[in-house]
Amino acid sequence: MALRTIITKRTLAGALGFRQQHRSVQTFSLPDLPYDYGALEPAITGEIMQLHHQKHHQTYITNYNKALEQLHEAITKGDTPTVAKLQSAIKFNGGGHINHSVFWKNLAPVRDGGGEPPKGSLGSAIDIHFGSIEAVIQNMNAEGAALQGSGWVWLGMDKELKRLVIEITSNQDPLVIKGPNLVPLLGIDVWEHAYYLQYKNVKPDYLKNIWKVMNWKYASEVYEKECR
Amino acid sequence: MAATPSATLPSTFLPCPGFRESCRTLNWRTHKKQLVRKAGAVKVRAKFELEPPPYPMNALEPHMSRTTFEYHWGKHHRAYVDNLNKQIVGTELDDLTLEDIILVTYNRGDLLPPFNNAAQAWNHQFFWESMKPGGGGKPSGELLELINRDFGSFEAFVKEFKTAAATQFGSGWAWLAYKANRLDVGNASNPHPSDEDKKLVIVKTANAVNPLVWDYSPLLTIDVWEHAYHLDFRSRRAEYISIFMEKLVSWEAVSSRLEAAKAQAAEREKEEERKRREEEEEYQAGDEVREMYVESTDSEAE
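Residue numbers (the numbering used here), protein chains in the order written: chain A, 1 to 228; chain B, 1 to 302.
Calculated from the structure, these hints are not laboratory results. Wrong hints could be hidden among the right ones.
Said to hold, decoys possible - 30 Å max Cα-Cα, derived DSS-like pairs, lysine-lysine:
#, chain 1, residue 1, chain 2, residue 2
1, A, K91, A, K203
2, B, K159, A, K66
3, B, K204, A, K203
4, B, K247, A, K200
To be verified - Now the stretches of chain B that chain A is said to cover, found in silico as 3 or more residues with beta-carbon under 8 Å:
#, region
5, 66-76
6, 215-227
Ideal placement from N, C-alpha and C gives every residue a C-beta, glycine not left out.
Model the full assembly from the supplied sequences, consistent with the hints where possible.
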């Protein structure tokens, strides 16, 4: 009898909109870089790394948090037009947060193994799927150079099919937009802010040099984890 | 971007008659034949040229630096023009005006390779001419009247334009354009046009797209690709947009473009009216012929 009363009370409370516990929206914060801003020089200057991290990535996070807050409110109120309207801001800023969070991890200073080609299962998989690391680099650089506007080039894996893919996404679309089972192993940001201060309009030079600080160790870790 | 000239483009993407006025009059094969006849055995066509901005490269400082111009005009714009020339040489696009190349390669949204270079070449030229040293301030005359009519006030217009420019995710452009008596559906023509239909609109476009593809007349643009402001403003796009509005916009250029757009709209209306009348007359003439035919059959039958 008492039990039934309790359950009824809680249900009633919920129906009237009283929330015993405030279901707050999770807010996101800027992840630390695993290295100093200048640690990727000369491939990428410290100036770019600092601006990219502290301004661009932070802005995506700030706007993502704001959009999530607004979305939470709109959902609670049942305000469908606003829910629909917020989707692009969420995709753009959320995507920006995801992409850059991966990016900082898939770069590494030379002294920490940046640029060292992968060994182990990822290395073999690359040889099987693409023939060689050089082929991957050439392919990704060609895609990156040809991309008009803003976007990313990815080496990813399909975790269901256990297959490697090279994909581009536009603007801040995360790789998962291209396939729900795709997991990013390496990303190259080809938005102009990623290289312009140093390389200006010569995007191909940026693409050539970024491989010197590519963190294949991270890619291998992700690959091995998804392969299990 | 591949620099090799493309193979002759198939003519299957020639827009269907009636799709849009400007394309209806576009008949490449006729045009090409005329050219060949005029020039004799050798058909010579001048390549597109990179024109300098209508002011020295340091003229917009401190609001837009000379260094920015050296790269933005000297490298980016130049590359669009050079690559376009390489892409169209020896193809059917080679005879066309830049605007026509843009319309054709837009291909109703299924962009053909030369679109990016063609549209960006056009966009940047339009952009340089949208600015002037000592620019900014307020428009006047008819332009201001239309702005007040269609946006409520100049301040409201500025707010909407800035918002469009700031919220274009990724690369692209924001535009003020003149939309002449078209319904709000891209491929529909208003059968009962009135002066109220001729509106100023603000649109934002991604990457290389511009409002020519929707048959609008662009009046003003701001480039919001990062290369346009990164050297001077880093990530502060909003600041760049404000400076553009306050210090750089050439309202004279916008006004004269508006005049041209209105004149073109009036021309088109006259042309459409003329065609309508012609078709009516033809139809009526057809009626007479039918009547005559019926009469003669009757007389024969007798």
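Hints, one by one, checked against the model:
1. As the CA atoms of K91/A and K203/A are separated by approximately 26 Å, the hinted pair is consistent with the 30 Å bound.
2. Our distance criterion of 30 Å between C-alpha atoms is met by K159/B and K66/A, whose separation comes to about 21 Å.
3. Pair hint K204/B plus K203/A holds up; C-alpha atoms about 25 Å apart against a cutoff of 30 Å.
4. For the given pair, K247/B sits about 25 Å from K200/A by alpha-carbon distance, which is consistent with the 30 Å threshold.
5. A stretch counts as covered by a chain when three or more of its residues have a beta carbon under 8 Å from one of that chain; for the region 66-76 of chain B and chain A the count is 3, and the coverage holds.
6. Restraint check on the region 215-227 of chain B versus chain A: 3 residues with Cβ-Cβ distances below 8 Å, three needed, restraint holds.
Violated hints are absent here; each numbered hint is respected by the structure.
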